[in-house]
Amino acid sequence: MSAKTANRVATIVIISVAVFIVALLAGLLGFILVRGIGHISFDFLTSAPQTIKAGGGIGPQLFNSLFLLVLTLIITVPLGVGAGIYMSEYAKPGRFTDFIRLIVEVLSSFPSIVVGLFGLLVIVNLFGLGFSLFSGALALTVFNLPLMVRITEQAIRGVPREQKEASLALGLSRWKTITSVMMPIALPTIITGTILASGRVFGEAAALLFTAGMTSPRLDFSNWNPLSPTSPLNPFRPAETLAVHIWKINSEGLAPDAAQIAAGASAVLVIVVLLFNFTARWFGRYMYKKLTASK
Amino acid sequence: MTTKFEVNELQLHYGEFHALKQISLSIPERSVNALIGPSGCGKSTFLRTLNRMNDMISSVRVDGEIKLSGTNIYDTGMDVEELRKRVGMVFQQPNPFPKSIYENVAFGPRLHRKPGRKELDEIVEKSLRGASLWDEVKDDLHKSALGLSGGQQQRLCIARALAVNPEVLLMDESTSALDPISTLKIEELIQELKKDYTIVMVTHNMHQAARVSDYTTFFLNGEVIESSPTEKLFSTPVDHRTEQYITGRFG
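Each protein sequence line maps, in turn, to chains A and B. So that you can map any letter, position 172 of the first sequence is 172 in full-length UniProt numbering, and since no number is skipped, the others follow by simple counting. So that you can map any letter, position 87 of the second sequence is 87 in full-length UniProt numbering, and since no number is skipped, the others follow by simple counting.
Some clues are possibly wrong.
[Unchecked claim] With a straight-line cut-off of 30 Å between C-alpha atoms, the simulated DSBU-like cross-links for lysine-lysine are: (1) B:K67 to B:K138; (2) A:K176 to B:K126; (3) A:K290 to B:K126; (4) A:K92 to B:K138; (5) B:K143 to B:K118; (6) B:K99 to A:K289; (7) A:K290 to B:K99; (8) A:K92 to B:K185; (9) B:K232 to B:K195; (10) A:K4 to B:K185; (11) B:K85 to B:K21; (12) B:K21 to B:K118; (13) B:K21 to A:K176; (14) A:K176 to B:K99; (15) B:K138 to A:K176; (16) B:K118 to A:K290; (17) B:K67 to B:K194; (18) B:K194 to B:K138; (19) B:K21 to B:K185; (20) B:K85 to B:K232; (21) B:K114 to B:K143; (22) A:K290 to B:K114; (23) A:K289 to B:K21; (24) B:K185 to B:K232; (25) A:K289 to B:K143; (26) B:K118 to A:K176; (27) B:K118 to B:K138; (28) B:K67 to B:K21; (29) A:K290 to A:K176; (30) A:K290 to B:K138; (31) B:K114 to A:K176; (32) A:K290 to B:K195; (33) B:K67 to B:K195; (34) A:K176 to B:K232.
[What the hints assert, rightly or not] One-sided and incomplete, this derived list gives chain A residues near chain B with beta-carbon spacing under 10 Å: (35) R35; (36) G38; (37) L168.
Just so you know, these hints were derived from the structure itself, not from any lab. Glycine included, every Cβ here is placed at the ideal spot set by N, Cα and C.
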């Protein structure tokens with residue numbers, strides 16, 4: 001085979017692989033959206049589910065998913081950013097940091113059902129937090145924290161050395177250099193990464209089955225006292241999220257329209273995750289422009 | 001003339017590598033001092049010992065002493081941040097912050113001692129004038145510094161360094177990334193600045209050293225081969241290696 005033919009064959013193979021992947025993704029997304037999008041309505045997004053009657057919605061589940069995401073971010077962002085700054089700026093590179101990095105990698109690739117069972121044993125039972133949003137948020141922390149550490153570490157490492165040196169040479173302390181020069185430059189990358197990581201948290205089901213639980217109490221959306229058991233804001237109440245809801249009605253749903261509800265809920269889930277991705281891209285580009293172009 | 005820096009038997013190791021060997025040198029106040037030598041001779045490393053920028057690298061070990069106006073800057077009680085306020089630095093590549101022109105100059109003073117708005121305006125104007133940039137940017141102070149040309153960015157970096165009121169200005173090949181006209185402007189600026197500041201500059205350009213500096217030090221393989229008034233070093237070098245280098249036979 002001449003070099004020219006080899007080149008042509010390789011090009012064709014690579015293009016067909018790319019087309020295959022795109023077609024697979026488009027088919028998957030299209031299937032979920034086409035099946036579910038007809039079922040989405042304002043009523044569907046806001047009303048409570050029905051057990052045996054048709055016409056139930058996913059309102060509380062959607063709220064639970066978003067609230068759980070916020071709780072998880074409240075826990076993981078400060079910890080993850082702090083650890084990321086430590087790893088990139090303070091820790092001396094050596095066996096210890098390599099070890100931390102290894103643990104971070106292992107944690108983020110843990111099977112989620114294992115994290116769910118760990119959550120059940122330790123968070124729910126041993127710590128006595130019960131099936132609750134807070135338990136769920138702690139379980140999700142196991143995946144999300146390593147991501148946050150890695151995102152922050154890479155973002156801070158990505159700050160040009162010249163910028164750091166410029167600040168240090170002006171007599172600024174290491175901490176002031178980090179907060180007033182490096183963080184502003186790294187922030188767009190950190191925020192973009194956080195939004196992308198949120199997609200995973202939003203779609204997670206297995207880790208939440210045994211931590212946040214598979215039921216929601218009757219919620220009173222006019223009660224905003226976080227300590228009341230019927231308040232949606234109470235972090236210590238059980239909460240079924242959207243992804244868990246899809247799994248549950250698919251496997252044991254009794255309502256006659258369970259299949260449509262599952263399809264509709266799946267479409268909502270996919271749309272929200274896509275929204276996260278587009279927001280992250282848009283925000284990244286916006287910040288990049290803001291940082292580089294003149295006003 | 002008073003001595004600004006007095007360097008005594010300075011040694012620097014990068015891990016096992018002996019980068020600076022027994023450097024002894026004195027740098028007079030309010031003068032321009034050029035450090036020349038081939039690549040890898042240690043001139044930039046030496047420059048970075050003067051404001052302890054080498055501290056950033058964990059494998060670096062420094063022995064000997066460098067006295068700044070009589071105090072050893074490598075004493076354990078030395079406040080490195082205070083030192084760097086007194087000894088400013090301008091780098092090879094212009095490195096303004098991705099902020100406005102005003103914010104770049106105000107950056108140091110604002111974080112060090114929170115001056116009032118009016119005082120800050122004065123510092124910014126004075127520093128930009130000091131760096132011969134004021135007339136070009138006075139109407140665009142709140143535009144991004146990244147919109148300036150390379151030469152303007154470099155003068156902005158000089159203004160940013162001047163704003164914290166240093167005594168010494170270190171320049172690490174600060175014109176090597178610039179075009180000839182911008183280079184000329186900075187060379188003229190250096191002549192102005194030496195009335196108030198002590199300037200130590202690394203340059204790979206011997207003609208620049210001859211044009212701009214009062215004293216020249218020739219480095220080779222981590223050692224100071226020769227240090228004398230510029231005119232003397234270029235006309236009647238004592239060491240034959242200096243002569244070979246300045247006549248272009250190596251490096």
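Restraint check for K4 (chain A) with K185 (chain B), where alpha carbons must lie at most 30 Å apart
violated (54 Å)
Taking 30 Å as the top limit, are the C-alpha atoms of K92 (chain A) and K185 (chain B) close enough?
violated (42 Å)
Given hint K99 (chain B) paired with K290 (chain A) - CA-CA distance at most 30 Å
OK: K290 (chain A) and K99 (chain B) at ~10 Å, within 30 Å.
Does K232 (chain B) lie within 30 Å of K176 (chain A) when you go C-alpha to C-alpha?
violated (45 Å)
Hinted pair, alpha-carbon criterion (30 Å max): K67 (chain B), K195 (chain B). Please report holds or violated.
holds (22 Å)
Tell me if the straight-line CA distance from K176 (chain A) to K99 (chain B) falls inside 30 Å.
holds (16 Å)
Does the structure keep K185 (chain B) and K232 (chain B) at a Cα separation of 30 Å or less?
OK: K185 (chain B) and K232 (chain B) at ~26 Å, within 30 Å.
Run the distance test for K232 (chain B) versus K195 (chain B): straight-line Cα separation, threshold 30 Å.
Cα-Cα ~22 Å, so holds.
Starting from K114 (chain B), check that the Cα of K176 (chain A) is at most 30 Å away, please.
Status holds; Cα separation ~14 Å.
Take a quick look at whether K290 (chain A) and K176 (chain A) sit within 30 Å of each other, Cα to Cα.
Satisfied, since the Cα-Cα distance of roughly 22 Å is no more than 30 Å.
Measure nothing beyond the straight line between the CA atoms of K114 (chain B) and K143 (chain B); if it is 30 Å or shorter, mark the hint as holding.
At roughly 22 Å apart (the allowed maximum being 30 Å), K143 (chain B) and K114 (chain B) satisfy the hint.
Pair hint K290 (chain A) and K126 (chain B), alpha-carbon separation not exceeding 30 Å:
Distance ~28 Å between K290 (chain A) and K126 (chain B) Cα, so the pair holds.
Hints 1, 4, 8, 10, 12, 13, 19, 20, 23, 32, 34, 35, 36, counting from the list given before, are not met by this structure.
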